[in-house]
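The opening position of the sequence shown corresponds to residue 567 in my numbering, with each subsequent residue numbered one higher.
Among the clues, some could well be false.
Each pair of labels, with its calculated beta carbon distance range [as the list claims (entries may be wrong)]:
hint: 1; residue 1: A644; residue 2: M618; range: 32 to 40 Å
hint: 2; residue 1: D610; residue 2: L576; range: 43 to 51 Å
hint: 3; residue 1: A644; residue 2: R613; range: 42 to 50 Å
hint: 4; residue 1: L576; residue 2: R599; range: 39 to 47 Å
hint: 5; residue 1: L570; residue 2: A633; range: 15 to 23 Å
hint: 6; residue 1: I637; residue 2: G587; range: 16 to 24 Å
hint: 7; residue 1: A651; residue 2: T596; range: 48 to 56 Å
hint: 8; residue 1: F643; residue 2: N612; range: 42 to 50 Å
hint: 9; residue 1: L611; residue 2: A640; range: 41 to 49 Å
hint: 10; residue 1: F643; residue 2: A617; range: 36 to 44 Å
hint: 11; residue 1: L573; residue 2: R602; range: 53 to 61 Å
hint: 12; residue 1: L647; residue 2: L606; range: 54 to 62 Å
hint: 13; residue 1: R599; residue 2: L570; range: 49 to 57 Å
Calculated directly from the structure, the hints in this document are not laboratory data.
For every residue, glycine included, the Cβ atom is placed at its ideal position computed from N, Cα and C.
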Amino acid sequence: MPTLYILLDLAAILSSLIAAGLWYQAGARTIRRVSRFETLDHADLNRMVVAMNRSAILNRRAALASAAAAICIALRFAGSLIADATI
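Throw the hints in and build the complete structure from the sequences for me.
Written out as C-alpha cells, the structure is:
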C-alpha cells in the first residue's frame, strides 16, 4: 500500500507541473496588437484565430492535467482513510 501512495503522490506532482507548464505556454504567446488605422486582411484574421485556438487548446490540456492531479490526490486521501479505518 505505501508504494501505491508514493505513485499517487508522484502522479499528482507530475500532472500539477504539466498543468503549470501548459498554462505558462498559453499565457506566454501574445497576439500582436492591431492599430485602428491598420486595415485587416484575411492573413491577419487567420493569424489571430490560430493564436486564440492554440491558447484554447493549451488551456484545455492544462485543465485536464489539473483534473488528473485532483483525482490522484483524491485517490490518495481515500486510500489513506480506508487504510486508517481498517487498522
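Hint by hint, here is what the structure shows:
no.: 1; hint: A644 to M618: 32 to 40 Å; result: 38 Å, holds
no.: 2; hint: D610 to L576: 43 to 51 Å; result: 45 Å, holds
no.: 3; hint: A644 to R613: 42 to 50 Å; result: 47 Å, holds
no.: 4; hint: L576 to R599: 39 to 47 Å; result: 42 Å, holds
no.: 5; hint: L570 to A633: 15 to 23 Å; result: 20 Å, holds
no.: 6; hint: I637 to G587: 16 to 24 Å; result: 19 Å, holds
no.: 7; hint: A651 to T596: 48 to 56 Å; result: 51 Å, holds
no.: 8; hint: F643 to N612: 42 to 50 Å; result: 47 Å, holds
no.: 9; hint: L611 to A640: 41 to 49 Å; result: 43 Å, holds
no.: 10; hint: F643 to A617: 36 to 44 Å; result: 39 Å, holds
no.: 11; hint: L573 to R602: 53 to 61 Å; result: 55 Å, holds
no.: 12; hint: L647 to L606: 54 to 62 Å; result: 57 Å, holds
no.: 13; hint: R599 to L570: 49 to 57 Å; result: 51 Å, holds
When held up to the earlier numbered hints, the structure conflicts with none and fits them all.
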